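Q: One-letter residues, chain by chain:
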Amino acid sequence: MFALFVSLALGFLARRTFARRVCYVLWSFALFVLVSIAIAWLMYPFSR
Amino acid sequence: MNDTTATPNEGSAPPAKHTVLMHTIAPAIAVVAWFVPGLGHLLLRRWPRALAFFVAVGGLAVSGYLMRGNVFAPRSPDPFGTLGFIADACSGVFYLLARVFEAAGPNVSRAIGDYGTRFIAAAGVVNLLGICDAYEIASGRRR
Numbered sequence: 001m002f003a004l005f006v007s008l009a010l011g012f013l014a015r016r017t018f019a020r021r022v023c024y025v026l027w028s029f030a031l032f033v034l035v036s037i038a039i040a041w042l043m044y045p046f047s048r
Numbered sequence: 001m002n003d004t005t006a007t008p009n010e011g012s013a014p015p016a017k018h019t020v021l022m023h024t025i026a027p028a029i030a031v032v033a034w035f036v037p038g039l040g041h042l043l044l045r046r047w048p049r050a051l052a053f054f055v056a057v058g059g060l061a062v063s064g065y066l067m068r069g070n071v072f073a074p075r076s077p078d079p080f081g082t083l084g085f086i087a088d089a090c091s092g093v094f095y096l097l098a099r100v101f102e103a104a105g106p107n108v109s110r111a112i113g114d115y116g117t118r119f120i121a122a123a124g125v126v127n128l129l130g131i132c133d134a135y136e137i138a139s140g141r142r143r
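Line order of the protein sequences matches chains A and B.
Residue numbering for the first sequence follows this note's numbering, starting at 1 and increasing by one per position.
Residue numbering for the second sequence follows this note's numbering, starting at 1 and increasing by one per position.
Source of the hints: derived by calculation from the structure; they are not laboratory data.
Here the structure is a predicted model, which is why all the values come from computation and not from measurement.
Relax, there's no trap hidden among the hints.
Pairwise CB distance ranges (calculated): (1) A:Tyr-44 with B:Met-22: 48 to 54 Å; (2) A:Phe-46 with B:His-23: 51 to 57 Å; (3) A:Ala-14 with B:Leu-43: 17 to 23 Å; (4) A:Phe-2 with B:Ile-86: 15 to 21 Å; (5) B:Glu-136 with A:Thr-17: 17 to 23 Å; (6) B:Val-55 with A:Val-35: 20 to 26 Å; (7) A:Ala-14 with B:Ala-111: 28 to 34 Å; (8) B:Ile-86 with A:Ala-40: 28 to 34 Å.
Which chain B residues face chain A? A few, computed with CB under 7 Å, are given here: (9) Arg-49; (10) Ala-52; (11) Gly-59; (12) Asp-133.
A virtual CB, placed ideally from N, CA and C, is assigned to each residue, including glycine.
Chain A with its partners taken away, still in its complex shape (with noise of 0.2 Å):
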């Protein structure tokens, strides 16, 4: 939920037209899911 509100802002920021906001927000949504998973992989090691 965080990453989809705040791609959404930073979409409406980052770009002008329709097309170019719908993918920077994809973009940007996918980028926080694989960076967010990334990193609690990285933890990981230190939970146990």
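Following the hints, position chain B against chain A.
A: Structure of chain B alone, referenced to chain A:
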């Protein structure tokens, strides 16, 4: 020989009235954009941006309240509380209506309450971006 008696300002246009007006209303647009997320853009006739900022800021803030995140008070004994208040207050009317959305009060004993605290602060930060954007559009620096 060139005529060098001309004064430096001869031939230059005076400041346009709309430029002066823009620099006058830009701070007012910023205040309005702070108070109601997206309203500054709405007044500037940027309908899609207005809706996007309202949904983004409102969604983050309400989600944070539903998760029972901590809402920082104006007076706090430590600097983190003060920073948290500044971040929360940037969401404007959503901060003022915190008691309405979070009637049961915060509950940070569980992890979800901690997430809620971050969501509420993020709402303020996103609205801050919207305020800066609305100000730049109103002052003519951004189309």
